[in-house]
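Protein chains in written order, with the working numbering: chain R, 1 to 357; chain X, 358 to 592.
Derived by calculation from the structure, the hints in this document are not laboratory data.
Treat each hint with caution, since some may be false.
Selected chain R positions facing chain X (Cβ under 10 Å, derived; list incomplete) [unchecked claim]:
(1) R206
(2) E216
(3) A220
(4) A221
(5) T228
(6) G280
Note that beta-carbon positions come from the ideal geometry of N, C-alpha and C, so glycine has one too.
As a plain string of letters, each chain reads:
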Amino acid sequence: MMMVLPPSRVKYFAGVALVATALLVLPFALSAAGTAWVRITNLAILFVFLSLGLNIVVGYAGLLDLGYVAFYAVGAYVYALLASPHFGMHLPFWVILPIGATLAGFFGVLLGAPTLKLRGDYLAIVTLGFGEIVRIFLNNLSQPINITNGPQGLAQIDPVRIGGMSLGQNGTLFGLNFSGPMKYYYLLLLLLLLVIVVNLRLQNSRIGRAWEAIREDEMAARAIGINTTRLKLLAFAMGASFGGVAGGMFSAIQGFISPESFVLTESVMILSMVVLGGMGNIWGVIAGAVLLSFVPEMLRYTVVPMQMALFKRLLIEPEVIRMLLFGLALVLMMRFRPAGLWPLRARQREFDKAVGE
Amino acid sequence: MLAVVNLQVHYGGIAAVKGISFAIEKGETVAFVGANGAGKTSMLKALSRLLPVGTKGSIRLSGEEIIALPTHRLIHRGLALVPEGRGVFARLSVAENLAMGAYIRKDKQEIAGDLERVYALMPHLKARHRQLAGTLSGGEQQMLALGRALMGRPQLLLLDEPSMGLAPMMVHKVFETIRAVAAQQVTILLVEQNAKLALETASRGYVMESGRITLTDSSTNLLADPRVRQAYLGE
Numbered sequence: 001m002m003m004v005l006p007p008s009r010v011k012y013f014a015g016v017a018l019v020a021t022a023l024l025v026l027p028f029a030l031s032a033a034g035t036a037w038v039r040i041t042n043l044a045i046l047f048v049f050l051s052l053g054l055n056i057v058v059g060y061a062g063l064l065d066l067g068y069v070a071f072y073a074v075g076a077y078v079y080a081l082l083a084s085p086h087f088g089m090h091l092p093f094w095v096i097l098p099i100g101a102t103l104a105g106f107f108g109v110l111l112g113a114p115t116l117k118l119r120g121d122y123l124a125i126v127t128l129g130f131g132e133i134v135r136i137f138l139n140n141l142s143q144p145i146n147i148t149n150g151p152q153g154l155a156q157i158d159p160v161r162i163g164g165m166s167l168g169q170n171g172t173l174f175g176l177n178f179s180g181p182m183k184y185y186y187l188l189l190l191l192l193l194l195v196i197v198v199n200l201r202l203q204n205s206r207i208g209r210a211w212e213a214i215r216e217d218e219m220a221a222r223a224i225g226i227n228t229t230r231l232k233l234l235a236f237a238m239g240a241s242f243g244g245v246a247g248g249m250f251s252a253i254q255g256f257i258s259p260e261s262f263v264l265t266e267s268v269m270i271l272s273m274v275v276l277g278g279m280g281n282i283w284g285v286i287a288g289a290v291l292l293s294f295v296p297e298m299l300r301y302t303v304v305p306m307q308m309a310l311f312k313r314l315l316i317e318p319e320v321i322r323m324l325l326f327g328l329a330l331v332l333m334m335r336f337r338p339a340g341l342w343p344l345r346a347r348q349r350e351f352d353k354a355v356g357e
Numbered sequence: 358m359l360a361v362v363n364l365q366v367h368y369g370g371i372a373a374v375k376g377i378s379f380a381i382e383k384g385e386t387v388a389f390v391g392a393n394g395a396g397k398t399s400m401l402k403a404l405s406r407l408l409p410v411g412t413k414g415s416i417r418l419s420g421e422e423i424i425a426l427p428t429h430r431l432i433h434r435g436l437a438l439v440p441e442g443r444g445v446f447a448r449l450s451v452a453e454n455l456a457m458g459a460y461i462r463k464d465k466q467e468i469a470g471d472l473e474r475v476y477a478l479m480p481h482l483k484a485r486h487r488q489l490a491g492t493l494s495g496g497e498q499q500m501l502a503l504g505r506a507l508m509g510r511p512q513l514l515l516l517d518e519p520s521m522g523l524a525p526m527m528v529h530k531v532f533e534t535i536r537a538v539a540a541q542q543v544t545i546l547l548v549e550q551n552a553k554l555a556l557e558t559a560s561r562g563y564v565m566e567s568g569r570i571t572l573t574d575s576s577t578n579l580l581a582d583p584r585v586r587q588a589y590l591g592e
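Just chain R, with the same shape it has in the complex (with noise of 0.2 Å):
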């Protein structure tokens, strides 16, 4: 017996079979432009994942974290300790990975712990301090005994090796070319589909409203009898597990990361992709990240070609341009769209629904 879909399913899974097909060709099409535009494509599936991490935090919780990246942090050196030369450790990347994902939630739960009781900017100020503080120790950990390598950083770190295969070397699969970033592209995606279905269950279960309910007012979301204490813990932990898997797969992909990755601006980027798409929204979290990190690298591509072109010279710095768009965006954001640029779409309808009345 066949089974008839309503006319919505086909479309549904039409769409989902279109951008499935998207996104594996997707690669292709882009080392057609450049192995760069690969590899900068996988560094925005990395700030996807730190943002769906912060979202958990942010907008979930409503928790404001300045300090995320110390997770990233976290993830990226237990990566790069556990396989370099460095202790000549070379542990494989899948045992690495929830070592590194568990370390992170360790440190989210040392950063929840004492700050339970802060909210909003007194809440920022000490996570921002947590953020420094992670660096800084990166930074001086080469003393008495050498862990961190200081501001030296680590380097030779093992790329991601796959039955054999290493993802950081070209290679011929199925007569198709293949090269490192691609394969790293293809494990993102698939690490990417799992953080995504796990931030849907989320959002949709029992803790996912208890941190709704805790954002909105925590006294009455204790007294409906939501146990804040645990469950803001929990938050901490979970948005920074997720960096610390999000910053073991960076190590592997660069192969080399000093504390300068690390540094507060990363965390305010991220902060921003977060509330530029829509917090507390997967997709709209998802959009912002995409377009946080594609925008600055086209902007490389063509400001400099232009100005060169313009004035046989170069006259601003990428650099600057980037974060004076970056302001004029927020601005503009706020002004136009302050709940993001993809809301919660229910939310929305019904915000502007009462608003009409």
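Since the structure of chain R is already known, use the hints to place chain X on it.
Below, chain X without anything else, positioned relative to chain R:
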């Protein structure tokens, strides 16, 4: 139902509640009236365990000591608080707010029945069940907070200043609903600055002044008492 003995609340060195004792029987509606700063809200916060330190004495709910329990455990014992300033979940819909009230419950069918009962008490909330709570009027938010507390099937309901910041007509409506809830055998402890309204709703009342209970009687007697009339009813 509730037996409080020598309850004291301190903020640092300052005593807000200086050792009060009272008891509430099952099914009663009891009002606590008094001026600003008399210690009414501090007392309520102590009862709902929202003050982590500085609370002394004994609070027994159905015979069991609850003074060491964390706030989120109280609803399991049948005690629900409608906080001052309402505290609805602004960016959740009316229906979601009510559903959150049953957070600790697993009995889905019973919850659905209770939801219908709450909607029957507050029909205008049903009409707006998809609207965001933050976009409701103050009075409707107060009703929603009350309805949300009812969804936890409390035996004892603590109401903190339900008339605060509401238009006179809404105040009237909110208290009508409180009376309807009381009629369903829910025990209510009502803390309220609007002494007249509170005493007209409750069967008994306590008058608080600078952290102590200075007067207690039936509502009828309190409303007729010249001291109460002069101090709180504006005569």
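Hints versus structure:
no. : hint : in the structure
1   : R206 : holds, 8 Å
2   : E216 : holds, 4 Å
3   : A220 : holds, 4 Å
4   : A221 : holds, 8 Å
5   : T228 : holds, 7 Å
6   : G280 : holds, 8 Å
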